[in-house]
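Protein chains: 2
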Amino acid sequence: MNFCSQCGGQIERRVPAGDNRERDVCPQCGFIHYQNPKVIVGCLPVYQNKVLLCRRAIDPRYGLWTLPAGFMELGETTWQGAERETWEEARAKVSNLELYSVFNLPHIGQVYCIFRSELEKPEFAPGEESLEVALFEEEEIPWDELAFMTISRTLKHYFEDRKSGDFPVRMEDIEPSVKPKC
Amino acid sequence: MNFCSQCGGQIERRVPAGDNRERDVCPQCGFIHYQNPKVIVGCLPVYQNKVLLCRRAIDPRYGLWTLPAGFMELGETTWQGAERETWEEARAKVSNLELYSVFNLPHIGQVYCIFRSELEKPEFAPGEESLEVALFEEEEIPWDELAFMTISRTLKHYFEDRKSGDFPVRMEDIEPSVKPKC
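Quick note, the sequences are listed as chains A and B, same order. All the letters of the first sequence, read from the start, carry residue numbers 54 to 235 under the numbering used here. All the letters of the second sequence, read from the start, carry residue numbers 54 to 235 under the numbering used here.
Chain A extracted, bound-state conformation (with noise of 0.2 angstroms):
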């Protein structure tokens, strides 16, 4: 951030009265430029027995498969805006989201929301932002073709916890020079 985006003035980097980490200040006219984590919102849709992903079209990570996730806007819901995610790049609708993964991402300060959601017909398209979207059994998932690692350890979950048919929320962080913990 070079500029203030209230008065046009030049930022400063310092810590303002009172608080005690730095923050971009505009001298000229005191406003203070607050950064801060932002929210991803996602799904996983089940449909029967199996769950959809979408390969992306998009980078980072084009061509890798993906649940459909994104950063969630002003004005909505953690799940409203996971079912906009669902509905843009997989053009599915979905229904009885479930809070599942809540992960910690803090080198890139993100949190992600992952919703368990019922698919409520096999009907589903790539939206802009996927090549593809398809229907998985577990021993089909591209394990090795996974965008991301919320995405991977969501599943892993899922399916553990299929077993049990208890899902509780999971917690967890994701940091790439630590192991997550579980």
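Quick caveat, the hints were computed from the structure, so don't treat them as lab data. Incorrect hints may appear among the rest.
Which copy is meant is left open, because identical chains are indistinguishable; a pair holds if it fits in one copy or across any two.
[Stated by the list, open to error] Each computed EDC-like pair below joins lysine to aspartate or glutamate, with the alpha-carbon atoms no more than 20 angstroms apart: (1) Lys91 <-> Glu75; (2) Lys216 <-> Glu191; (3) Lys91 <-> Asp112; (4) Lys91 <-> Glu176.
With chain A held as given, fit chain B onto it using these hints.
Frame of chain A; chain B shown alone:
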């Protein structure tokens, strides 16, 4: 937002190519300034049968009681943020954090994540943003002097769930015009 934080150019409000909602876009350098919801992290610290509350020394809701909570910062996990806020506002050290409340507040672009936690020792003191900090038995909770609905609902669920000893993660929408689910 009036000016581009990258180049200082005048911002335009428009839908970028490939997007479906209006953003703050810089026509000079092309930068898109996304704005997204923020995460509030906090704790419900428990010591023996009591919960720890802070009386706010800042607006909004000056003088009312709350749980220690605040904006999640870049570079930290949700539970690190919750521990940090508990230290900053109540000078209390907590452990064994368990995700408990996840509340959507779409009208103000916030997601609350509140953790049940154990107060290790009955040691606490008001931080800069608190007038006082105290432990409360269930029958002592100042229900009419709680600062936010996120706090009253978390406490209500907690005392209810304590009867069974089962504390499922509670996800709810809190909107000014809508009665919360459950």
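Please write out, lowest number first, the hints stated earlier that are contradicted by the structure.
4
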